[in-house]
Amino acid sequence: MIVSSAKPLLEVRGLCATVAGVPILKGIDLVVKPGEVHAIMGPNGSGKSTFSKVLAGHPAYEVAAGEVLFEGRDLLTQEAEERARAGVFLGFQYPVEVPGVTNAAFLRLSYNTVQGARGKDELDPLEFDDFVRERMKLLEMDPAFLDRSVNAGFSGGEKKRNEILQMALLEPRLAILDETDSGLDIDALRIVSGGVNHLHTADNAVILVTHYQRLLDHIVPDYVHVMESGRIVKTGGKELARELEARGYDWVTKAAA
Amino acid sequence: MSVATDSDWLGDLLRSTLAAEQSAPESLKALRARALERANALRLPTVRDEEWRFTDLAPLYKGSYLRAASAIAFDAAVVDRIALAESSARLVFCDGHYIAGISNLSTLPANVTVTRSHEALGSLAAIDDDLFAALNTCNFSDAAVIDIARDADCPAPIHVMFVSHQADAASYPRVLIRAATGARVVVLEEHVSSSEGSALVNAVTEIDVAPGATVRHCKLQRQATTQFHFGLISARIGRDATLVSQSITLGARLSRANIHITQAGEGAHCQLDGLAVLGGRQHADTHSTMDHALPHGTSEQLHKCIVDGGARTVFNGKIKVSPRAQLTSAAQQSRNLLLSDRARVDTKPQLEIYADDVKCAHGATVGQLESDELFYLRSRGLSKDAARALLTYGFAAEVIERIAMPSVVKRLRDEVLTRIGKPA
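So the protein sequences, as listed, match chains A and B. Counting from 1 along the first sequence, just add 16 to a position and that's the residue number in our numbering. Counting from 1 along the second sequence, just add 49 to a position and that's the residue number in our numbering.
Please keep in mind that the hints were generated in silico from the structure rather than gathered at the bench. Only a predicted model underlies this, so the values are computations on that prediction, with no experimental measurement involved. All C-beta atoms in this analysis are idealised placements derived from N, C-alpha and C, irrespective of residue type, glycine included. Don't take each hint at face value.
[Claimed, not checked] A few chain B residues that don't get close to chain A, going by computed Cβ distances all over 10 Å: (1) A198; (2) H318; (3) A410; (4) F444.
[What the hints assert, rightly or not] Examples of chain A residues toward chain B, derived with CB under 8 Å: (5) E95; (6) A100; (7) G103; (8) L106; (9) A262.
[Claimed, not checked] Here chain B is said to cover these stretches of chain A; the calculated rule only asks that three of the stretch's residues, wherever they fall, bring their Cβ under 8 Å from a Cβ of chain B: (10) 66-74; (11) 114-121; (12) 129-139.
Please work from the sequences and hints to get the whole structure.
Written out as structure tokens, the structure is:
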């Protein structure tokens, strides 16, 4: 939903980033306001995932130029955990497995750390159990996932649901979902998308990083951006995604070249 | 301060040996006399000995240790802190001496017998080429001898605690577990300190698993980091019997674990787990031998080390498959996690296979925490230290969670989570 009068939530200006000295992002500009859904599409290697990791604060990526403001404050000087506590959430393309740590313990630690940093009440294990079970219903997740080790032995779809469950618990103002649709079958895609739509309000924003139109049938974007070689080369409405689906990326990237 | 010569240092250790004690049973007197003879004949190991290449005992030889002749009063809170909710009985030893007052045998199952001496002591622990085992054998006073009757099932753990209390003392914990045919038992052997003073703990554990029996033995070493620990575990597994052995090393400035397991019956099975979590200047060395002597035996060994600060671990895992031991299946994994640039791991598998129809696998890895994994947890709001601790625990969990005692699992989880990232 576009609310034109809202103050920007995220402002990215001239963002350049390198990994191991290799330039990946070469000047990105993007403004996201509360209530909006942005889709970032583009061919493999165009820098989509790097962009999402840079926003979330992955230490392996070095910002060479540009600025990023979140709620008007400099985001780039903050550590990954500070960004998370401030309300930035990254849904991972490949969530990490942590054997030996139960999902329940991890989720509660994450939730309470973020709540504490936001000056809100933490929950004891029993209270948290009620809360997390309620949220799991949204994603049609079996409560048995609470007792299993974090992501260990989860299928691709189960991992992605667990990511959106974390989003549901942490209630970010900006959720960046990196290839959340990859590895999902039709039913899982419907459930995960339904969860994201449920969590999306006029006060928060979502950036979807995806290859495919099919996710955008479920989560309808206000803007679609096409990335190529570390830049956003075209921006349009939701109809742009359909055009990309029909025509591929070549016509956009050639026109931009 | 001058460094003691071999004979001085050993002389101190042997000055008050029990080998001359006349009141002991004849079998024990003979055993001690033979051990004393070996102790006098063997040289102190140095890094020039192949078995000690990576473990320099110079810090040990700098100190002087006298056998603790008796227990002296210590703060029993040490014992209360580590008491297990689920244990059936507990035996407490202070500096190698049995303390009846704070032990509890009243709840011991009827088919388990506990004594302080037994003629079978020394039947498994070889002393001929092992100075520390010989020193233990001529010096130990009270042994923890646990006999489990035929077909008895004792799932509640028997907790054997050894408290090191007196500074500059040498103590000689001694354990003998005898599981009769078809018996099942769980034993926790725990070594702790009630003070920070330097001390030498030299332990020997013998485990005899009769046909069809199952012994789960967990050795937990969490002494003060000013101390030394030498431990021998010598086990014999009979036909169709199972030994699950876990050695967890958290403490001591320098420790050495020798583990000798002999599969002495067909179809024996052994799961041998090791976990060392070290920091500061700690050094832990494990030398194990899995001896497959008869056919159809299986063994699985998982040895994990987490090394922080300037700490160092050594692992040498030998698997022997004798010509008769056809259809043996043996697997050994050495997995190591380095948490600092100064930490060091030396790991070496050693396979001696003389049978042709066997399956033997081994592997070793040394790695660090992955930055992607740390980033994942930090992106969920966890601090860098919390993320590091959680991932480190995740690495250790595979061993810890196989321990058949829930309160030990919980205690170790808390301990690993809190000590990572803090200077040892």
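Consistency of the hints with the structure:
1. Against the 10 Å criterion, A198 (chain B) stays outside the reach of chain A, whose nearest CB is about 36 Å from its own CB.
2. Every C-beta of chain A lies more than 10 Å from that of H318 (chain B), the closest at about 24 Å, which supports listing it as non-interface.
3. The Cβ of A410 (chain B) lies farther than 10 Å from every Cβ of chain A, with a closest approach of about 21 Å, so its non-interface assignment holds.
4. The claim that F444 (chain B) lies off the interface is violated: its Cβ sits roughly 8 Å from the closest Cβ of chain A, which falls inside the 10 Å cut-off.
5. With a least beta-carbon distance of about 7 Å to chain B, the hint placing E95 (chain A) at the interface is held under the 8 Å criterion.
6. Restraint check, A100 (chain A) versus chain B: the minimum CB separation of about 4 Å is within 8 Å; hint holds.
7. Hint status for G103 (chain A) relative to chain B: violated, with the closest Cβ pair at about 10 Å, above 8 Å.
8. Proximity of L106 (chain A) to chain B holds as hinted, the smallest CB-CB distance being about 5 Å (cut-off 8 Å).
9. The beta carbon of A262 (chain A) comes no nearer than 35 Å to any beta carbon in chain B, farther than 8 Å, and the hint placing it at the interface is violated.
10. With 4 residues having a beta carbon nearer than 8 Å to a beta carbon of chain B, the segment 66-74 of chain A meets the requirement of three or more and the stated coverage holds.
11. Requiring three or more residues with a Cβ within less than 8 Å of a Cβ of chain B, the coverage given for the segment 114-121 of chain A holds, as 4 such residues are present.
12. With a cut-off of 8 Å between beta carbons, the segment 129-139 of chain A has 3 residues touching chain B; three or more are needed, and the interface restraint holds.
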